[in-house]
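First residue of the sequence shown: 0, per numbering that gives the first Met the number 0; consecutive thereafter.
Errors might be hidden in some of the hints.
Label-pair distances were calculated between CB atoms; the ranges are [to be verified]:
#, residue 1, residue 2, range
1, E79, A48, 29 to 39 Å
2, L69, P97, 36 to 46 Å
3, E79, D46, 31 to 41 Å
4, N112, E75, 29 to 39 Å
Hints in this document: simulated from the structure, not taken from any laboratory.
Note that the coordinates shown come from a computational prediction; the quantities given were computed from them, not determined experimentally.
We put the beta carbon where it would ideally sit given N, CA and C, even for glycine.
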Amino acid sequence: MTTKLTKTKAVAGVLAGGVLLCAVIFTAGHAFEKNTGGPPSPASVSDNAQRVAYLAGWGWEVEPSAVETLDLTFPETLDEAYLSYNELQMENGMDLTPYCGQQAKRYTYRVSNYPDYEGTVLANLYLCGDTVVAGDLTASGENGFIASLRSP
């Protein structure tokens, strides 16, 4: 028994192959993201929606608007406190050293999905221009903490 390859069967085969290829690429991309603990710092995060999406890339659900913004200038040289904070940034794949002396803006968002913590958790993103140069998770109070953006 032989089967004739019709134009319809050929198109269906190509479409099925395309769907399979897309599924493989999608799965591989998500596996990479989970293995690295989050995305690298983006070249440009120019608006609120992109900042919220950036935090979502790390696995954090945040309220859609920043609860606080703050203009600041990083010190010319990193003192002991900033060196310690920079070690935390290294866990995020970031380094504050190139941004010494530069102006920055901090955007703070309320996190809604931090596991096993009843208090308020905030996500801070520090940007020089449109580039994320640092980020952390903080909680104040009796069991407060500061942590990298990586999921615990």
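Hint check:
| no. | hint | in the structure |
| --- | --- | --- |
| 1 | E79 to A48: 29 to 39 Å | holds (37 Å) |
| 2 | L69 to P97: 36 to 46 Å | violated (21 Å) |
| 3 | E79 to D46: 31 to 41 Å | holds (35 Å) |
| 4 | N112 to E75: 29 to 39 Å | holds (37 Å) |
Taken one by one, the earlier hints fail for this structure only at number 2.
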